[in-house]
Amino acid sequence: MDKDASLDAKGQMCPMPIVMLAKKMKELKSGQVLELVADDIGAKEDVPAWCSRTGNALLGVEQDGKIFRFYIRMK
Amino acid sequence: MAEKMCMVVSEGSFDKAMMPLILGTTAASMGMEVHVFYTFFGLKLLTQGNKPKLPGMMRLFTGMIRKKMAKNNIPLPEEMMKTALDLGVNFYACSTSMTIMGVTEADLMKGVKVLGASAFLNLAADAKVNLFIG
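Chains as they are written, first to last, in this note's numbering: chain A, 1 to 75; chain B, 1 to 134.
Keep in mind that the hints were calculated from the coordinates and are not lab data.
Be careful, since some hints might not be right.
Derived lysine-lysine pairs resembling BS3-like cross-links, with alpha carbons at most 30 angstroms apart [claimed, not checked]:
id: 1; chain 1: A; residue 1: 10; chain 2: B; residue 2: 68
id: 2; chain 1: B; residue 1: 67; chain 2: A; residue 2: 44
id: 3; chain 1: A; residue 1: 66; chain 2: B; residue 2: 67
id: 4; chain 1: B; residue 1: 71; chain 2: A; residue 2: 23
id: 5; chain 1: B; residue 1: 110; chain 2: A; residue 2: 44
Here are a few chain A residues that sit away from chain B, every Cβ distance over 12 angstroms (derived from the structure) [unchecked claim]:
id: 6; residue: 3
id: 7; residue: 23
id: 8; residue: 44
id: 9; residue: 46
id: 10; residue: 59
id: 11; residue: 62
C-beta atoms are modelled at their ideal positions from N, C-alpha and C, and glycine is treated no differently.
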């Protein structure tokens, strides 16, 4: 999927992927897409919850073994 | 206006240190305004240089759990506290508990505010999420 920035949160456990994601999103402009890479199993539910609560669109999720790739568009 | 989350922490053990910090940093990252009120034994968690231990006999295993957390990239309470303050999480010391526990304003970590029950309840009354951790 097309992206404007990428954030590697592999090896990070809850709550760090979400804390890192929130910080990183502040650097993006409206409409830009961030790829978040995480391997915390909790991220599977946490990232969609963060997106719906903050109003940023989750465009897609890809899973490759234990690794998740989330594509989030800045509102 | 941002949604509010309030927590009351009444115990000063390692696990009680971690829970409000994990939930507080996450809520702040979700755009919520977070207020954490420390009372009774919880107050110790706001004092400078405090190193919380697991409760009861488990305290002997605090070093082990800290090592395990570090190995798994889980931030320790002192690191989480810094992150929480950076994210704008508000930490409050209960004024009455300070007298009971013998804690003075000079003992408190930077960024901690002293409040009474009424001021805290004023915040809690408007909060969507209110949790008691103790």
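Of all the hints numbered above, which does this structure not satisfy? Sort the numbers upward. Hints 5, 7 and 9 are the ones this structure does not satisfy, whereas the remaining hints hold.
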